[in-house]
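Novice: Residue-level listing of the chains:
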Amino acid sequence: METIQTDVVIIGAGGAGLRAAIALAEADPGLRIALVSKVYPMRSHTCAAEGGAAGVVKPDDSLEQHFNDTVGGGDWLTDQDAVELFINEAPKELVQLEHWGCPWSREDNGSVAVRPFGGMKIKRTWFAADKTGFHLLHTLFQTSLRFDNIQRFDEYFTTDLLVADGRVQGCTAIEMRSGMMHQFQAKAVIICSGGASRMFPFTTNGSIKTGDGTALAYRAGAPVKDMEFVQYHPTGLPGTGILLTEGCRGEGGVLRNKDGYRYLQDYGMGPETPIGEPVLKTMELGPRDRLSQAFWHEQKKGKTIETQWGDCVYLDLTHLGEARIKERLPFVHDLAKSYLGVDMITDMVPIRPVVHYMMGGIHTDINGAAGLPGLFAAGECACVSINGANRLGSNSLTELLVFGRRAAESAVAYINGGDKTVDAGAANDRAEASRARITALFQKSGGGETTSGIRREMTESMESGAGIYRDEESLKATCGKIAELRRRYNDIELHDKSNVFNTDLFQILELGSMLDLAETVAASALARQESRGSHQRLDFTERDDSRFLKHSMAHYQGEGPPRIDYLDVTITKSPPGVRDYSGDHK
Amino acid sequence: MSLRQIELEVLRYDPEQDDEPRFQKYSVPCQEEWVVLDALNYVKDNLDGSLSYRWSCHMAVCGSCGMMIDGEPTLSCKAFLRDYGSKIRVEPLANFPIERDLVVVLDDFMSKLKRVKPYLIPKQHKPIADGEYRQTPRQLKLYKQYTLCINCTLCYAACPQFALIPDFIGPAALALAHRYNLDSRDGGRAERQEEVASHEGIWECSFVGACSEVCPKSVDPAGAIQQMKIASTVDWYLERLMPWRNK
Amino acid sequence: MSRKPYVRPVARTTWWLSKGRYVRYMAREVSSLLIAIYLMVLIIGLMRLSQGPAAWQEYMESLASPVAVLFHLIAFGFTTYHATCWFNVTPKAMRIPSGDDFVPGRLIILAHYAIWGVVSLIILVIAGVL
Numbered sequence: 194m195e196t197i198q199t200d201v202v203i204i205g206a207g208g209a210g211l212r213a214a215i216a217l218a219e220a221d222p223g224l225r226i227a228l229v230s231k232v233y234p235m236r237s238h239t240c241a242a243e244g245g246a247a248g249v250v251k252p253d254d255s256l257e258q259h260f261n262d263t264v265g266g267g268d269w270l271t272d273q274d275a276v277e278l279f280i281n282e283a284p285k286e287l288v289q290l291e292h293w294g295c296p297w298s299r300e301d302n303g304s305v306a307v308r309p310f311g312g313m314k315i316k317r318t319w320f321a322a323d324k325t326g327f328h329l330l331h332t333l334f335q336t337s338l339r340f341d342n343i344q345r346f347d348e349y350f351t352t353d354l355l356v357a358d359g360r361v362q363g364c365t366a367i368e369m370r371s372g373m374m375h376q377f378q379a380k381a382v383i384i385c386s387g388g389a390s391r392m393f394p395f396t397t398n399g400s401i402k403t404g405d406g407t408a409l410a411y412r413a414g415a416p417v418k419d420m421e422f423v424q425y426h427p428t429g430l431p432g433t434g435i436l437l438t439e440g441c442r443g444e445g446g447v448l449r450n451k452d453g454y455r456y457l458q459d460y461g462m463g464p465e466t467p468i469g470e471p472v473l474k475t476m477e478l479g480p481r482d483r484l485s486q487a488f489w490h491e492q493k494k495g496k497t498i499e500t501q502w503g504d505c506v507y508l509d510l511t512h513l514g515e516a517r518i519k520e521r522l523p524f525v526h527d528l529a530k531s532y533l534g535v536d537m538i539t540d541m542v543p544i545r546p547v548v549h550y551m552m553g554g555i556h557t558d559i560n561g562a563a564g565l566p567g568l569f570a571a572g573e574c575a576c577v578s579i580n581g582a583n584r585l586g587s588n589s590l591t592e593l594l595v596f597g598r599r600a601a602e603s604a605v606a607y608i609n610g611g612d613k614t615v616d617a618g619a620a621n622d623r624a625e626a627s628r629a630r631i632t633a634l635f636q637k638s639g640g641g642e643t644t645s646g647i648r649r650e651m652t653e654s655m656e657s658g659a660g661i662y663r664d665e666e667s668l669k670a671t672c673g674k675i676a677e678l679r680r681r682y683n684d685i686e687l688h689d690k691s692n693v694f695n696t697d698l699f700q701i702l703e704l705g706s707m708l709d710l711a712e713t714v715a716a717s718a719l720a721r722q723e724s725r726g727s728h729q730r731l732d733f734t735e736r737d738d739s740r741f742l743k744h745s746m747a748h749y750q751g752e753g754p755p756r757i758d759y760l761d762v763t764i765t766k767s768p769p770g771v772r773d774y775s776g777d778h779k
Numbered sequence: 123m124s125l126r127q128i129e130l131e132v133l134r135y136d137p138e139q140d141d142e143p144r145f146q147k148y149s150v151p152c153q154e155e156w157v158v159l160d161a162l163n164y165v166k167d168n169l170d171g172s173l174s175y176r177w178s179c180h181m182a183v184c185g186s187c188g189m190m191i192d193g194e195p196t197l198s199c200k201a202f203l204r205d206y207g208s209k210i211r212v213e214p215l216a217n218f219p220i221e222r223d224l225v226v227v228l229d230d231f232m233s234k235l236k237r238v239k240p241y242l243i244p245k246q247h248k249p250i251a252d253g254e255y256r257q258t259p260r261q262l263k264l265y266k267q268y269t270l271c272i273n274c275t276l277c278y279a280a281c282p283q284f285a286l287i288p289d290f291i292g293p294a295a296l297a298l299a300h301r302y303n304l305d306s307r308d309g310g311r312a313e314r315q316e317e318v319a320s321h322e323g324i325w326e327c328s329f330v331g332a333c334s335e336v337c338p339k340s341v342d343p344a345g346a347i348q349q350m351k352i353a354s355t356v357d358w359y360l361e362r363l364m365p366w367r368n369k
Numbered sequence: 072m073s074r075k076p077y078v079r080p081v082a083r084t085t086w087w088l089s090k091g092r093y094v095r096y097m098a099r100e101v102s103s104l105l106i107a108i109y110l111m112v113l114i115i116g117l118m119r120l121s122q123g124p125a126a127w128q129e130y131m132e133s134l135a136s137p138v139a140v141l142f143h144l145i146a147f148g149f150t151t152y153h154a155t156c157w158f159n160v161t162p163k164a165m166r167i168p169s170g171d172d173f174v175p176g177r178l179i180i181l182a183h184y185a186i187w188g189v190v191s192l193i194i195l196v197i198a199g200v201l
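Chains as they are written, first to last, in my numbering: chain A, 194 to 779; chain B, 123 to 369; chain C, 72 to 201.
By construction, these hints were calculated from the structure, which means they are not laboratory data.
It should be emphasised that the depicted structure is a prediction, and the values quoted were computed from it without experimental measurement.
Please note: incorrect hints may appear among the correct ones.
As the list claims (entries may be wrong) - The list that follows gives simulated cross-link-like pairs (lysine to aspartate or glutamate, EDC-like), each with its CA atoms no further than 16 angstroms apart:
id	chain 1	residue 1	chain 2	residue 2
1	B	Lys263	C	Glu100
2	B	Lys263	A	Asp301
3	C	Lys90	B	Glu335
4	B	Lys166	A	Glu642
5	C	Lys75	B	Asp141
6	B	Lys166	A	Glu686
7	A	Lys519	C	Asp172
8	A	Lys674	A	Glu653
9	C	Lys75	B	Asp140
10	C	Lys75	B	Glu142
11	B	Lys166	A	Asp689
12	B	Lys263	A	Glu520
13	B	Lys236	B	Glu316
14	A	Lys674	A	Asp616
15	A	Lys451	A	Glu520
16	B	Lys200	A	Asp301
17	A	Lys690	B	Asp170
18	B	Lys263	B	Asp308
19	B	Lys266	A	Glu686
20	B	Lys266	C	Asp172
21	A	Lys496	A	Asp459
22	B	Lys339	A	Asp301
23	B	Lys236	A	Asp274
24	A	Lys766	A	Glu257
25	A	Lys766	A	Asp347
26	A	Lys530	B	Asp141
Said to hold, decoys possible - Which stretches of chain B does chain A cover? Using the computed rule of at least three CB atoms under 8 angstroms from a CB of chain A, they are:
id	stretch
27	237-244
28	249-256
We treat Cβ as the ideally placed atom computed from N, Cα and C, and that holds for glycine.
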């Protein structure tokens, strides 16, 4: 087995991974950095983020407001020390990205322009038209090419973390084009592998978002936190699940039910605001969880439109006019036209809520350190947590910058803080065990289960049991189903025996990651007997701060279901209050 | 939902089994609004798990799923079945070595991308504390179009010059160099010229224009290259006519 | 080693026949050749003119031969094609900022055709055709 000796391995080369790599390279030009990803960096799903990145820069805004919006948006499940730090560092990171060439949209005077997003009291979303994530990712990727000590391993699929003496000392990864297992021996590992929303059937996420990195950490013994909080974005294109950015509503788009009625006013976000004059934190600029939940109620009332792809409501942008749509929303204009045949300049677009983001992930402290020495995490795969029970739109791009850098910096501090020599013998044993597991997959025949079959059952069960609204019965059914699928997973037969770019193999491994994480989502949701943010229980409809102002921590238990325990939420200055998105909240 | 039976003719190549690629046919029950990628996913999930191809976002922004569809370089996630007949031929992107099935080798492209120094080389250093560089919407507009490249490499598959002269740096990488050259914050053009204005760079382009025709993001790399040729030519004359300008 | 990337052969001489856009490109390139030949005919004419009226007369008569007429028709066709090709792609190479946007490409193309028409007209007037 080929062994790569390095100082830090980063798993995942999306926004967080690239930001971490650059931070490491800048911190110490002598540091050896291995950037490992199952796709080329520019394929990472950061590229699909549209709307923008939040950071306080304008004189009428304040760090205080961003703090309040984030903490309230997260239904007080955010760690306030992390939020405070995040908000302080956000503007610097966005300026840094500007200095690296990001083509932010501009005001006439040449300063960076901002747009409003849902749940914000003040406009503070930096944007690059409606391709912010794309530009952010490419700017980071292109900037990373400046550094010779960032060694990329593109299209390497990570299979295991190497843990010895209680420390993470590297990982194993398969070079996808040769099928050869490689062993990366390192003093620290940073996981930046993104979310796992592909465990749901209808999602904005690309096919690569299968939570591999989160599952690696979880299996290695690092707890995952707040997994029950899954964000539905209210405006997805039916059929494909393609996202129509929140910027659509930020620019003034409104939601209508089948009668043309702006139904959000019936769900605590009214009174109705005039067309073309969006009011911050009200109506369409309410938070994502509330908007998606309102859809569910409209559906129950029979006020949605039936389409061949399921029930929808309308996103109406027709009053914005062609010029504004083409300047501010060119990408989604094209997407709706191509994939749905609807021109948003002249017609209302049918939309429905779609799984978008996982607030939960690998538990880390505010420095990005995970639950195992030598292991760090940042981005969607991690849970710091600044997102709490519901992430505020446009905080995630900023999050991967701030915490990508912080994770890198704390990895450097960790490496420099005492002897971190790799135990090559122990690492090698673990690597050989990892290889044996893959070899066994190649040698096994029979079983009768298929990847696509189990994946389908998993996604259906997650949607029906752990969707926008949940209850004990549905969650128990899903927990049972996932447990059953995890058993049946062992009977999947690998048909493709080729060593070269064997996507059959990688899909099996990805499915394994998703199943493990799906179980943590369902189990954490079942245990949380309250409604908070994106976690809404029909049988426990109120928030219960006395019992559940706590983070759920899921611990891996091998073949059995995860063990769930709880960790206190850090509250510094904002005691839990009421989330008020009505027009009278001023 | 109306169903339509499509015959996919896919070029297969398994280096461990085959000496050369071969076509394999799949009959796929497709929904009317599907794209070619959906049909491939149907094959993968239901008919033949060994078919290998790259894909991720399904919204034409990650750049993974470029293929030759009926002989034309296309993103398979944006190739709507309604625009094709009942027989569709799918091959890996032309002008690249085939790793396996529809997966091509991209090493060459990745190294060319790096060669053109596609990052901001600031005119003057500015500390973060001093805030952002000022850039007017008009200055942004000058280069914005060339930032939209998703590195899907369709342009390389369409470029006959690249087919004949593999050393040609090629459309996407050159357009990216142009993007930074045009950025009001950048001062790195002279550094990039060493690669860009070389024989393997812009002067290898004979302006076939195929790259721009197949570009799914309307980046117009052909235009970028011609603009760079003009700028380089102006440089050449200025150097000779006004030697006092040369430092 | 399990990798064995397959490099597809390139048809080095016939590649341009595989697609309409390549054929059009080759036609544009070949048109330069015809223009070059036409220019040579023109230069020969100048040379003959300098050799006196008899030589000039001979040259003019040779131009009236069916072969020469046919050549000029073909050359005219290709020249026109050459000109339209390049006119149509000028906006790519020539971006003229105007306010926060660019001068529309159509306008630049149109301007080229207009100048072409005016120059042709002037030449025809000078030549006494109009």
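Novice: Are the hints correct? Go through all of them and say.
Specialist: Hint by hint, here is what the structure shows:
Using a Cα cut-off of 16 angstroms, the hinted pair B:Lys263 and C:Glu100 is violated, with the two alpha carbons roughly 33 angstroms apart. Pair hint B:Lys263 plus A:Asp301 holds up; C-alpha atoms about 12 angstroms apart against a cutoff of 16 angstroms. In summary, the hint linking C:Lys90 to B:Glu335 is supported, as the alpha carbons are separated by about 13 angstroms, within the 16 angstroms threshold. Proposed proximity of B:Lys166 and A:Glu642 is supported: the alpha carbons are some 15 angstroms apart, at most 16 angstroms.
At most 16 angstroms may separate the alpha-carbon atoms for a hinted pair to count; C:Lys75 and B:Asp141 meet this at roughly 9 angstroms. Between B:Lys166 and A:Glu686 the alpha-carbon distance is near 14 angstroms, which keeps this suggested pair within the 16 angstroms criterion. A hinted pair counts as satisfied when its Cα atoms are at most 16 angstroms apart, and A:Lys519 with C:Asp172 qualifies at roughly 13 angstroms. Between A:Lys674 and A:Glu653 the alpha-carbon distance is near 10 angstroms, which keeps this suggested pair within the 16 angstroms criterion.
Our distance criterion of 16 angstroms between C-alpha atoms is met by C:Lys75 and B:Asp140, whose separation comes to about 10 angstroms. For the suggested pair C:Lys75 and B:Glu142, the alpha carbons sit about 10 angstroms apart, so the restraint of at most 16 angstroms is met. Restraint check: the Cα-Cα separation between B:Lys166 and A:Asp689 comes to about 11 angstroms, which is no more than 16 angstroms; the hinted pair holds. Between B:Lys263 and A:Glu520 the CA atoms are separated by roughly 11 angstroms; this keeps the pair inside 16 angstroms, and the hint holds.
With a C-alpha separation of about 13 angstroms, the suggested pairing of B:Lys236 with B:Glu316 holds against the 16 angstroms cut-off. Restraint check for A:Lys674 and A:Asp616: not satisfied, since their Cα atoms lie roughly 40 angstroms apart, outside the 16 angstroms limit. With a C-alpha separation of about 29 angstroms, the suggested pair A:Lys451 and A:Glu520 falls outside the 16 angstroms cut-off, and the hint is violated. For the hint linking B:Lys200 to A:Asp301, the alpha-carbon distance of about 35 angstroms lies beyond 16 angstroms, and the restraint is violated.
Among the hinted pairs, A:Lys690 with B:Asp170 is consistent with the structure: their alpha-carbon atoms are about 13 angstroms apart, no more than 16 angstroms. With a C-alpha separation of about 15 angstroms, the suggested pair B:Lys263 and B:Asp308 falls inside the 16 angstroms cut-off, and the hint holds. With a C-alpha separation of about 48 angstroms, the suggested pair B:Lys266 and A:Glu686 falls outside the 16 angstroms cut-off, and the hint is violated. Between B:Lys266 and C:Asp172, the direct Cα distance comes to roughly 11 angstroms. Compliance with the 16 angstroms bound is thereby established for this hinted pair.
With a CA separation close to 13 angstroms, the supplied pair A:Lys496 and A:Asp459 stays within the 16 angstroms bound. Distance restraint check for B:Lys339 and A:Asp301: the Cα-Cα separation of roughly 26 angstroms exceeds the 16 angstroms cut-off, and the hinted pair is therefore not satisfied. Pair hint B:Lys236 plus A:Asp274 does not hold up; C-alpha atoms about 40 angstroms apart against a cutoff of 16 angstroms. Of the supplied pair hints, the one linking A:Lys766 and A:Glu257 holds, its CA atoms being roughly 11 angstroms apart against a limit of 16 angstroms.
Straight-line distance between C-alpha atoms of A:Lys766 and A:Asp347 comes to about 44 angstroms, which puts the hinted pair past the 16 angstroms bound. Between A:Lys530 and B:Asp141 the CA atoms are separated by roughly 43 angstroms; this puts the pair beyond 16 angstroms, and the hint is violated. Here the stretch 237-244 of chain B counts 5 residues with a CB under 8 angstroms from a CB of chain A, which clears the bar of 3, and the coverage holds. Check on the stretch 249-256 of chain B: 5 of its residues sit with their Cβ under 8 angstroms from a Cβ of chain A, so the three-residue criterion for coverage holds.
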